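A.B. asks: Chains A and B, in that order, give the protein sequences. If you read the first sequence in our numbering, its first letter stands for residue 1, the second for the next number, and so on. If you read the second sequence in our numbering, its first letter stands for residue 116, the second for the next number, and so on.
No wet-lab data here; the hints were simulated from the structure. One thing to keep in mind: the hints can contain errors.
[To be verified] The calculated DSBU-like cross-link candidates involving lysine-lysine, where the alpha carbons are at most 35 Å apart (straight line), are:
#1 Lys225/B to Lys196/B
#2 Lys191/B to Lys57/A
#3 Lys11/A to Lys183/B
#4 Lys213/B to Lys172/B
#5 Lys71/A to Lys213/B
#6 Lys196/B to Lys183/B
#7 Lys191/B to Lys172/B
#8 Lys183/B to Lys225/B
#9 Lys225/B to Lys57/A
#10 Lys14/A to Lys71/A
#11 Lys183/B to Lys172/B
#12 Lys191/B to Lys213/B
#13 Lys191/B to Lys225/B
#14 Lys71/A to Lys11/A
#15 Lys213/B to Lys14/A
#16 Lys11/A to Lys191/B
#17 Lys213/B to Lys183/B
#18 Lys57/A to Lys14/A
Predicted model, so just to flag it, every value in this text is computed and none were measured.
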Amino acid sequence: DTGVSQDPRHKITKRGQNVTFRCDPISEHNRLYWYRQTLGQGPEFLTYFQNEAQLEKSRLLSDRFSAERPKGSFSTLEIQRTEQGDSAMYLCASSLASQGQETQYFGPGTRLLVL
Amino acid sequence: GQNIDQPTEMTATEGAIVQINCTYQTSGFNGLFWYQQHAGEAPTFLSYNVLDGLEEKGRFSSFLSRSKGYSYLLLKELQMKDSASYLCAVRGTTGGFKTIFGAGTRLFVKA
């Protein structure tokens, strides 16, 4: 257990529905990242926050995806009008921004299946 | 462009040594990470290199050559529990110091 938690761990939804995932980072960490991972691939960057500011969003992320980190603590990732291609593991990671090594610690992930 | 290459799969025998290679091309360089990921679980941190040379941590060692864009992860005294995917990841110096992950190397340890 890294100290990063995600909820829910599994989500099954029908195409066209909206889903929201939550991530609670390690409390003193100021950076929070969202990744998507499909079978046989490494984590693919989606977006990241420093405190409450969303500093970067992947060009791969369509307008159906939105993320927030309202108070600089937990974060939510929402997918609107889900598509079958959204089926994947959604990973959250947190880190403490520093000049040197900045290790990202991952949560257990939310596995999404869109039927 | 940014690219990280590592072998898709490797097989090794319990008790042996295995070396997993990683080559990278990224926008700037601010550190290379190795993560271990068991099936269905999240990646867990193994090692970090930012300067050239070898970093040793128990049964695991990681090497970096920045001029060659090359790293390897060395696993000694392999155990069955080492069967997992090993992800090479590079942190750049642009785009908010984003970390790019390779597709991972699936290691199978056989008895």
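A.B. asks: Is the Cα-Cα distance between Lys11/A and Lys191/B 35 Å or less?
C.D. replies: Not satisfied, since the Cα-Cα distance of roughly 38 Å exceeds 35 Å.
A.B. asks: Is the hinted pair Lys196/B and Lys183/B satisfied, with a Cα-Cα distance of at most 35 Å?
C.D. replies: With Cα atoms ~31 Å apart, Lys196/B and Lys183/B stay inside 35 Å; holds.
A.B. asks: Under the criterion that the straight-line Cα-Cα distance not exceed 35 Å, is the pair Lys191/B, Lys225/B satisfied?
C.D. replies: holds (14 Å)
A.B. asks: For the pair supplied as a hint, Lys225/B and Lys196/B, is the alpha-carbon distance within the 35 Å limit?
C.D. replies: Judged against 35 Å, a Cα distance of about 10 Å means the pair holds.
A.B. asks: Run the distance test for Lys183/B versus Lys225/B: straight-line Cα separation, threshold 35 Å.
C.D. replies: holds (32 Å)
A.B. asks: Between the alpha carbons of Lys14/A and Lys71/A, is the straight-line distance 35 Å or under?
C.D. replies: Satisfied, since the Cα-Cα distance of roughly 31 Å is no more than 35 Å.
A.B. asks: For a C-alpha distance cap of 35 Å, please report whether Lys183/B and Lys172/B respect it.
C.D. replies: Judged against 35 Å, a Cα distance of about 23 Å means the pair holds.
A.B. asks: Next pair to validate is Lys191/B with Lys57/A; report whether the Cα-Cα distance is within 35 Å.
C.D. replies: Judged against 35 Å, a Cα distance of about 39 Å means the pair is violated.
A.B. asks: Keeping to a limit of 35 Å between CA atoms, is the pair of Lys213/B and Lys172/B held or broken?
C.D. replies: holds (25 Å)
A.B. asks: Quickly compare the C-alpha distance for Lys225/B and Lys57/A to 35 Å and report which way the hint goes.
C.D. replies: Cα-Cα ~41 Å, so violated.
A.B. asks: Would the pair Lys191/B and Lys172/B pass a check requiring their Cα atoms to be no farther apart than 35 Å?
C.D. replies: Given pair Lys191/B, Lys172/B holds - Cα atoms ~11 Å apart, limit 35 Å.
A.B. asks: Checking one constraint from the list: CA of Lys71/A to CA of Lys213/B, max 35 Å. Satisfied?
C.D. replies: holds (22 Å)
Hints 2, 3, 9, 16, counting from the list given before, are not met by this structure.
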